[in-house]
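Asks: Top line first, the protein sequences correspond to chains A and B. For what it's worth, the numbering used here labels the leading residue of the first sequence as 3, then goes sequentially. For what it's worth, the numbering used here labels the leading residue of the second sequence as -14, then goes sequentially.
Any given hint might turn out to be false.
The calculated BS3-like cross-link candidates involving lysine-lysine, where the alpha carbons are at most 25 Å apart (straight line), are [unchecked claim]:
#: 1; chain 1: B; residue 1: K9; chain 2: B; residue 2: K21
#: 2; chain 1: A; residue 1: K57; chain 2: A; residue 2: K34
#: 3; chain 1: B; residue 1: K21; chain 2: A; residue 2: K148
#: 4; chain 1: A; residue 1: K95; chain 2: B; residue 2: K30
#: 5; chain 1: A; residue 1: K13; chain 2: B; residue 2: K18
#: 6; chain 1: A; residue 1: K95; chain 2: B; residue 2: K36
#: 7; chain 1: A; residue 1: K13; chain 2: B; residue 2: K9
#: 8; chain 1: B; residue 1: K(-1); chain 2: B; residue 2: K9
#: 9; chain 1: B; residue 1: K69; chain 2: A; residue 2: K134
#: 10; chain 1: A; residue 1: K13; chain 2: A; residue 2: K125
#: 11; chain 1: A; residue 1: K125; chain 2: B; residue 2: K69
#: 12; chain 1: A; residue 1: K120; chain 2: B; residue 2: K69
#: 13; chain 1: A; residue 1: K72; chain 2: B; residue 2: K18
#: 14; chain 1: A; residue 1: K153; chain 2: B; residue 2: K34
#: 15; chain 1: A; residue 1: K95; chain 2: B; residue 2: K34
#: 16; chain 1: B; residue 1: K69; chain 2: B; residue 2: K9
#: 17; chain 1: A; residue 1: K53; chain 2: A; residue 2: K43
#: 18; chain 1: B; residue 1: K21; chain 2: A; residue 2: K43
#: 19; chain 1: B; residue 1: K18; chain 2: A; residue 2: K43
#: 20; chain 1: A; residue 1: K41; chain 2: A; residue 2: K57
#: 21; chain 1: A; residue 1: K95; chain 2: B; residue 2: K69
#: 22; chain 1: A; residue 1: K13; chain 2: A; residue 2: K34
#: 23; chain 1: B; residue 1: K34; chain 2: A; residue 2: K72
#: 24; chain 1: B; residue 1: K(-13); chain 2: B; residue 2: K12
#: 25; chain 1: B; residue 1: K30; chain 2: A; residue 2: K134
#: 26; chain 1: A; residue 1: K134; chain 2: B; residue 2: K34
Residues of chain B placed beyond 10 Å of chain A at every Cβ, according to the derived structure [to be verified]:
#: 27; residue: M(-14)
#: 28; residue: I16
#: 29; residue: Y27
Keep in mind that the hints were calculated from the coordinates and are not lab data. Predicted, not measured: the structure shown is a model, and the values here were computed from it. Here a beta-carbon is modelled for each residue, glycine too, at the ideal position from N, C-alpha and C.
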Amino acid sequence: MDSDCLIKLTKAGLKEYICQEYEITIPAVVKKEVVDVGKSKGLPDAELVEKNIQKDILRVTGKESLPHTKGDQALIEIFKRGRYDAIATDDAKLIRLFRSAGIPFISPGLLIYSLYQKNIIRKITALNWLEKLSTFISEDEYNMIKFLLEKKP
Amino acid sequence: MKVRSIRIPEDIDKAIEYVARLEKLEKTQSIRKLTKLGFEFYTAKSYEKGKLTLREAAELLNLTLSETIDLLSEMGVRGNIRVKDVMESFETMSS
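Could you build all of it, start to finish, from the sequences and the hints given here?
Replies: Written as C-alpha cells, this is what we have:
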C-alpha cells in the first residue's frame, strides 16, 4: 500500500477495518514517510500507523531498499519481488506509472467495494465507510464506487 | 531570504495593496503571502490534473504527505483519480 492510500484510510478512521480484512504490506520507505516524518511533526496519523505496525496489523518490507529509493520506485521494486495482488494507491500519476509497468492497482474506494462484494460487510456499512472516505477521494471515484455499491443487490 | 527585482502589472500591484491594507501587512509581506498562496494553488491544480504525485506535491510545498492531503482538501482537491482509473482497477479486481 502506498502512503497516500494509507494516510487517507487513517484520516477517515477506516484503516483498522481494512487492515483486518486484507493482508497489507508497506515498503520501509512508506513507513518512513508516514511514521517517522509524521511523528517528528507530531501528526496523529503517524502514531496510529506505528501502533498497527507494532501489532503486526501492517507489515513493513523492503528494509534493504537503497536510501535514495523514493516511495514510488520502492513500491514497484517490492511488488515485483513479492507475491502481491495489487498496489493500493489513490494517485493518478502513480497509476500511470503502474499501468506502464503492468502492475495491477486498487483505489481505497474499491477496497471498500471489494469487502462488500465478498459479503464481508453490509451495503449500509460500505456506504457509510465511503462517506467517511469522501473528504479524501475524487468526485469521480466517490460517484463510481457509490454507483457500484447501489447497483449490486 | 533572496532579493529579487521584478516588474509588477498594475492589477497585481492593486491586489498586493488590497491584501496589505486588509490584513495590516507591509507590502513585501503581502507579496510573500500571495506568492505562497499562488504556488500552493498551482501545486494543488497540478496534482488534481495528475501532473504531480502526492509525494512530489509534498516535496514542492515542503510539507509532510499528511499535511499535503489536508492542504489539498482545504483547497477543494480531494483526489485525482478518474472514472477510467476506477473502472480499470475494478476490471482487474473482478478478473
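Asks: If a hint holds in the structure, say so; if it does not, say that too.
Replies: Hints and how they fare:
For a cut-off of 25 Å, the pair hint linking B/K9 to B/K21 stands: about 18 Å separates their Cα positions. For the given pair, A/K57 sits about 17 Å from A/K34 by alpha-carbon distance, which is consistent with the 25 Å threshold. Annotation: proposed proximity of B/K21 to A/K148 is violated, straight-line Cα distance about 36 Å (limit 25 Å). Straight-line distance between C-alpha atoms of A/K95 and B/K30 comes to about 13 Å, which keeps the hinted pair within the 25 Å bound.
Under the criterion of a C-alpha separation no larger than 25 Å, the hint pairing A/K13 with B/K18 is inconsistent with the structure, at around 28 Å. Between A/K95 and B/K36 the CA atoms are separated by roughly 6 Å; this keeps the pair inside 25 Å, and the hint holds. Note on A/K13 and B/K9: the hinted pairing is violated, with a Cα-Cα distance of about 36 Å set against a maximum of 25 Å. Under the criterion of a C-alpha separation no larger than 25 Å, the hint pairing B/K(-1) with B/K9 is consistent with the structure, at around 15 Å.
Only pairs whose Cα atoms come within 25 Å are accepted, and B/K69 paired with A/K134 is accepted, the gap being roughly 23 Å. For the given pair, A/K13 sits about 22 Å from A/K125 by alpha-carbon distance, which is consistent with the 25 Å threshold. A hinted pair counts as satisfied when its Cα atoms are at most 25 Å apart, and A/K125 with B/K69 qualifies at roughly 23 Å. With a C-alpha separation of about 23 Å, the suggested pairing of A/K120 with B/K69 holds against the 25 Å cut-off.
For the hint pairing A/K72 with B/K18, the CA-to-CA distance comes to about 31 Å; that exceeds 25 Å, so the pair is violated. Pair hint A/K153 plus B/K34 does not hold up; C-alpha atoms about 29 Å apart against a cutoff of 25 Å. Of the supplied pair hints, the one linking A/K95 and B/K34 holds, its CA atoms being roughly 9 Å apart against a limit of 25 Å. About 48 Å separates the Cα atoms of B/K69 and B/K9, which puts this hinted pair outside 25 Å; it is violated.
Between A/K53 and A/K43, the direct Cα distance comes to roughly 17 Å. Compliance with the 25 Å bound is thereby established for this hinted pair. About 21 Å separates the Cα atoms of B/K21 and A/K43, which keeps this hinted pair within 25 Å; it holds. Distance restraint check for B/K18 and A/K43: the Cα-Cα separation of roughly 23 Å lies within the 25 Å cut-off, and the hinted pair is therefore satisfied. With a C-alpha separation of about 18 Å, the suggested pair A/K41 and A/K57 falls inside the 25 Å cut-off, and the hint holds.
Between A/K95 and B/K69, the direct Cα distance comes to roughly 13 Å. Compliance with the 25 Å bound is thereby established for this hinted pair. Of the pairs offered as hints, the one joining A/K13 and A/K34 holds, with about 18 Å between alpha carbons and a cut-off of 25 Å not exceeded. Straight-line distance between C-alpha atoms of B/K34 and A/K72 comes to about 22 Å, which keeps the hinted pair within the 25 Å bound. As the CA atoms of B/K(-13) and B/K12 are separated by approximately 16 Å, the hinted pair is consistent with the 25 Å bound.
Between B/K30 and A/K134 the alpha-carbon distance is near 24 Å, which keeps this suggested pair within the 25 Å criterion. Among the hinted pairs, A/K134 with B/K34 is consistent with the structure: their alpha-carbon atoms are about 24 Å apart, no more than 25 Å. Residue-level check passed: B/M(-14) sits 23 Å from the nearest beta carbon of chain A, beyond 10 Å. Separation of B/I16 from chain A is adequate, the least Cβ-Cβ distance of about 27 Å exceeding the 10 Å criterion.
Even its closest Cβ contact with chain A, about 16 Å, leaves B/Y27 beyond 10 Å, as expected for a residue assigned away from the interface.
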